[in-house]
Amino acid sequence: MADTAAVSHGHGTGTGLSDNKLLMWVFLGSECLLFGGLISTYLIYRSRFADGPAPGDIFDIPFTSVSSFVLLMSSLTMVLALSALQRGDIRNNRIWLLTTALLGSLFIGGQVYEFTTFVREGLGYTTSPFSSAFFTLTGFHGVHVSLGILMLMSLLISSLRGTLTKERSETVEIVGLYWHFVDVVWIFIFTVIYLVPSPTS
Amino acid sequence: MSDVTELEAPGGSIGVYTRPKANTGWRDWITTVDHKKIGILYGATAMFFFVIGGIEALLIRLQLATPDGTVLGAETYNRVFTMHGVTMVFLVIMPLAAAFANYLLPLQIGARDVAFPRMNALSFWVFLAGGLFLNMSWIVGDAPDGGWFAYAPNTGMIFSPGKGMDYYAIGLQITGIASLVSAMNLIVTVLNMRAPGMTLFKMPVFTWMILVVQFLLLFAVPVITVALFLLLFDRNFGANFFNPEMGADPLLWQHLFWIFGHPEVYILILPSFGIISEVIPTFSRKPLFGYPFMVFSGIAIGFMGWGVWAHHMFVSGIGPISVAAFSVSTMFIAVPTGVKILNWLATMWGGRIRFNTPMLFASGVVSMFTIGGLSGVTHSVAPADTQQTDTYYIVAHFHYVIFGGALLGIFAGFYFWWPKVFGHLLDEKWGKWNFWLMIVGFNMTFGPMHILGLQGMSRRIASYSPGFGFEFWNMFASIGAFIIALGVAVFLINVIISARRARTAPPVGLDPWDARGPEWFTPNPTPVHNFDSEIQIDSLDEFWHRKYGEDEDGRVVRVATAEEVCQDGSATDIHLPSPSYWPVVLAAGLPFIGFGLMYTLWFCVLGGALVLMGIYGWIFEPVDDPDGPHGHGHHADEPTEDVPPEDSVDDEPLETAEEAPVG
Numbered sequence: 001m002a003d004t005a006a007v008s009h010g011h012g013t014g015t016g017l018s019d020n021k022l023l024m025w026v027f028l029g030s031e032c033l034l035f036g037g038l039i040s041t042y043l044i045y046r047s048r049f050a051d052g053p054a055p056g057d058i059f060d061i062p063f064t065s066v067s068s069f070v071l072l073m074s075s076l077t078m079v080l081a082l083s084a085l086q087r088g089d090i091r092n093n094r095i096w097l098l099t100t101a102l103l104g105s106l107f108i109g110g111q112v113y114e115f116t117t118f119v120r121e122g123l124g125y126t127t128s129p130f131s132s133a134f135f136t137l138t139g140f141h142g143v144h145v146s147l148g149i150l151m152l153m154s155l156l157i158s159s160l161r162g163t164l165t166k167e168r169s170e171t172v173e174i175v176g177l178y179w180h181f182v183d184v185v186w187i188f189i190f191t192v193i194y195l196v197p198s199p200t201s
Numbered sequence: 001m002s003d004v005t006e007l008e009a010p011g012g013s014i015g016v017y018t019r020p021k022a023n024t025g026w027r028d029w030i031t032t033v034d035h036k037k038i039g040i041l042y043g044a045t046a047m048f049f050f051v052i053g054g055i056e057a058l059l060i061r062l063q064l065a066t067p068d069g070t071v072l073g074a075e076t077y078n079r080v081f082t083m084h085g086v087t088m089v090f091l092v093i094m095p096l097a098a099a100f101a102n103y104l105l106p107l108q109i110g111a112r113d114v115a116f117p118r119m120n121a122l123s124f125w126v127f128l129a130g131g132l133f134l135n136m137s138w139i140v141g142d143a144p145d146g147g148w149f150a151y152a153p154n155t156g157m158i159f160s161p162g163k164g165m166d167y168y169a170i171g172l173q174i175t176g177i178a179s180l181v182s183a184m185n186l187i188v189t190v191l192n193m194r195a196p197g198m199t200l201f202k203m204p205v206f207t208w209m210i211l212v213v214q215f216l217l218l219f220a221v222p223v224i225t226v227a228l229f230l231l232l233f234d235r236n237f238g239a240n241f242f243n244p245e246m247g248a249d250p251l252l253w254q255h256l257f258w259i260f261g262h263p264e265v266y267i268l269i270l271p272s273f274g275i276i277s278e279v280i281p282t283f284s285r286k287p288l289f290g291y292p293f294m295v296f297s298g299i300a301i302g303f304m305g306w307g308v309w310a311h312h313m314f315v316s317g318i319g320p321i322s323v324a325a326f327s328v329s330t331m332f333i334a335v336p337t338g339v340k341i342l343n344w345l346a347t348m349w350g351g352r353i354r355f356n357t358p359m360l361f362a363s364g365v366v367s368m369f370t371i372g373g374l375s376g377v378t379h380s381v382a383p384a385d386t387q388q389t390d391t392y393y394i395v396a397h398f399h400y401v402i403f404g405g406a407l408l409g410i411f412a413g414f415y416f417w418w419p420k421v422f423g424h425l426l427d428e429k430w431g432k433w434n435f436w437l438m439i440v441g442f443n444m445t446f447g448p449m450h451i452l453g454l455q456g457m458s459r460r461i462a463s464y465s466p467g468f469g470f471e472f473w474n475m476f477a478s479i480g481a482f483i484i485a486l487g488v489a490v491f492l493i494n495v496i497i498s499a500r501r502a503r504t505a506p507p508v509g510l511d512p513w514d515a516r517g518p519e520w521f522t523p524n525p526t527p528v529h530n531f532d533s534e535i536q537i538d539s540l541d542e543f544w545h546r547k548y549g550e551d552e553d554g555r556v557v558r559v560a561t562a563e564e565v566c567q568d569g570s571a572t573d574i575h576l577p578s579p580s581y582w583p584v585v586l587a588a589g590l591p592f593i594g595f596g597l598m599y600t601l602w603f604c605v606l607g608g609a610l611v612l613m614g615i616y617g618w619i620f621e622p623v624d625d626p627d628g629p630h631g632h633g634h635h636a637d638e639p640t641e642d643v644p645p646e647d648s649v650d651d652e653p654l655e656t657a658e659e660a661p662v663g
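Chains as they are written, first to last, in my numbering: chain A, 1 to 201; chain B, 1 to 663.
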């Protein structure tokens with residue numbers, strides 16, 4: 001297995017990164033364009049709210065700021081999880097993985113609450129180009145966070161079965177790359193949707 | 001992933017998930033993860049779709065051969081030209097390029113396989129699933145009819161109420177997953193797995209062009225993914241992305257589509273540029289002229305390809321400033337392309353040229369693509385383009401670049417690398433008939449379309465009235481189309497008779513063309529393990545440099561025979577990745593999810609179950625078959641090359657592959 005470990009830590013590869021890690025970087029590059037397309041669509045449609053609620057009327061910025069803070073903190077706990085495992089501290093690794101997953105779930109919970117509130121206030125998916133673009137963009141991000149939570153839980157199960165050891169800390173690092181990316185994308189989305197002054201009706 | 005420890009236990013039990021072992025027969029083809037077999041699968045499948053797309057083309061030409069054609073009704077005609085475009089772009093040219101990339105890329109960089117062999121198999125099966133799904137629309141009688149560009153709102157529920165555009169959107173979504181997975185895999189392969197000594201600027205030009213194409217795919221596919229999702233949501237969930245009544249922008253689709261669509265044009269042509277950059281030096285017996293310029297112009301095309309998309313939209317009302325900007329950027333992109341054409345000509349200049357069939361096709365690319373490139377420059381002049389838009393002049397242009405450029409280049413590659421893949425040459429006499437029939441038929445078909453277009457004949461019309469002066473050239477073009485078909489038939493006959501003859505004829509030898517690239521270090525056909533031992537690369541065209549040196553007077557002389565330079569393929573006990581059932585299982589689930597979205601959600605349950613089964617099988621599959629061939633002693637020498645990093649595939653790459661459909 002030593003030789004495999006060498007490969008997985010990137011010794012002797014052309015870039016110095018392991019194949020798995022490079023794969024994740026390349027994939028995240030592709031994801032940039034996915035979110036780029038969705039964010040552009042939102043920007044075009046943010047003031048096209050037809051007869052429905054306008055973005056400026058409906059957003060609850062303090063609430064979303066709190067849930068954004070929760071998501072950003074989960075990046076910190078992700079780093080703590082990785083650093084624990086790199087030190088061989090399995091117990092703290094598990095604690096921080098679980099914390100990260102819980103913070104992510106809290107964010108998703110906030111999104112579900114936000115969506116249901118909006119629908120109750122008359123902003124359905126089919127209400128206007130703005131509503132379609134808003135739900136699609138934030139929904140795609142939510143799906144990404146959810147997949148990240150699944151990855152974190154897989155890591156946790158792996159750890160409980162005793163296979164997530166210090167030698168395999170790169171796996172946590174790669175999931176971490178994905179998790180941080182999803183957080184960074186949220187910074188953009190949060191700025192574009194909520195912080196830039198929105199049109200009102 | 002949690003099974004790794006158990007699996008590493010020497011001789012440990014691996015439970016119910018064993019890996020397939022077949023090395024022959026259909027099981028082998030279903031479960032293979034060998035990049036060479038996957039390349040052959042890509043090629044064969046694409047040729048199958050090529051015949052389907054070709055039949056569609058012939059139907060179009062039959063309909064248009066005479067005025068007031070009655071072969072197809074208007075509705076059927078729309079379906080036929082839509083599916084002709086979709087098939088030729090997504091199911092023929094792209095997978096044919098993938099066939100060459102898969103087979104040759106690891107050989108050209110001196111690697112044992114691609115970085116993620118199972119993901120490679122997944123790419124192929126997902127592509128096949130998408131292709132079959134798209135063509136299933138013919139069987140249910142509801143093929144897409146909105147053009148390959150599928151402009152919304154025309155393709156929304158109001159104007160396209162059938163299931164056709166759902167087949168289009170879901171089918172392309174599925175083939176998009178295949179392209180994306182393949183692009184990620186090949187990028188990692190090229191960046192991480194090159195032979196010792198092979199710096200980026202010692203890579204063969206074909207590998208370079210494929211690398212550029214994979215980056216284009218990596219960034220272009222997600223854009224059309226977004227567009228297709230928006231269209232699907234509009235059609236199926238009542239979203240308002242393309243509904244102008246609610247204030248939606250009718251140009252949104254065009255922008256998203258062409259931001260994907262223009263890089264896509266270079267995705268189609270650059271592999272062919274790579275192929276002929278290997279063929280022309282070999283048959284001119286000279287090194288490629290201006291290798292760095294060739295590489296950088298390819299990269300420049302890759303970058304600039306992102307800044308010209310709106311030249312597809314000059315008449316859509318994007319405003320004079322946008323038109324001017326895109327007009328200029330479009331003129332500029334002709335520069336790196338011109339650099340390439342100059343370099344091919346300079347490579348041939350003064351060379352002792354052998355006009356074997358590969359070289360004939362490569363010369364065909366240089367000349368025909370130049371015609372297509374020049375008519376492309378005429379489109380960049382916006383006022384002229386205003387007259388040309390939606391006429392046959394455009395049809396003429398893009399067939400000159402895609403048929404005359406991409407497809408002829410792929411045929412050059414067929415003839416050039418056939419001995420590498422199958423161990424025997426294709427027949428030269430039939431090959432020359434193939435070339436001349438295709439090039440004559442091609443010019444007869446598409447040359448007159450320039451004239452028809454300038455005379456004002458519109459694209460996408462099912463019939464035209466007599467008396468406009470369209471009759472002669474349309475009949476002429478239709479005759480040409482059947483000559484192309486004859487040329488393709490000659491190719492298929494050539495494949496069969498050459499294979500028959502090879503059974504009794506002596507083997508082709510190691511170096512039939514006096515070639516230059518590292519892929520020729522292996523015997524023909526390539527043994528299953530590719531290289532016996534790692535090759536050391538000291539220069540571009542390493543293979544040629546080991547065969548030739550200089551004498552005292554500085555003249556080039558032969559210093560070694562191919563037999564002395566090539567490996568004999570006799571190595572045994574080399575550790576190879578085991579085959580796997582799961583890529584095909586996973587891929588098979590996707591079309592069912594598609595049917596589920598269109599008809600009844602029960603299909604989604606079935607498809608989802610297959611996908612889940614594929615994922616779990618994939619994860620819990622033993623990293624390698626303990627009974628299979630092992631060569632662990634071999635590993636220690638060459639850790640990078642020898643261990644397909646599949647060993648360390650755990651959650652992430654898998655999740656990555658799986659994520660593509662979701663987001």
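Honestly, I wouldn't trust all of these hints.
[To be verified] For each label pair, taking beta carbons as the anchor points, the in silico distance ranges come out as: (1) A:V196 with B:E471: 51 to 61 Å; (2) B:I479 with A:V192: 22 to 32 Å; (3) A:V192 with B:T572: 40 to 50 Å; (4) A:L76 with B:G25: 51 to 61 Å; (5) A:V119 with B:L62: 16 to 26 Å.
[As the list claims (entries may be wrong)] Here are some, though not all, of the chain B residues that point toward chain A, as calculated from beta-carbon distances under 7 Å: (6) K21; (7) N23; (8) G147; (9) Y151; (10) N192; (11) P250; (12) C604; (13) L606.
Just so you know, these hints were derived from the structure itself, not from any lab.
We put the CB at the ideal spot given by N, CA and C, even for glycine.
Checked hints:
1. A:V196 with B:E471: 51 to 61 Å: Check passed, 59 Å falls within 51 to 61 Å.
2. B:I479 with A:V192: 22 to 32 Å: At 56 Å between Cβs, range violated.
3. A:V192 with B:T572: 40 to 50 Å: violated (59 Å)
4. A:L76 with B:G25: 51 to 61 Å: Hint holds: Cβ distance 55 Å, inside 51 to 61 Å.
5. A:V119 with B:L62: 16 to 26 Å: Because 54 Å falls outside the window, the suggested range is violated.
6. K21: violated (22 Å)
7. N23: Result: violated, 24 Å to nearest chain A Cβ.
8. G147: violated (21 Å)
9. Y151: Where the cut-off is 7 Å and the nearest Cβ of chain A is about 16 Å from Y151 (chain B), the hint is violated.
10. N192: holds (4 Å)
11. P250: Violated, because the Cβ-Cβ distance from P250 (chain B) to chain A comes to roughly 11 Å (cut-off 7 Å).
12. C604: violated (16 Å)
13. L606: violated (22 Å)
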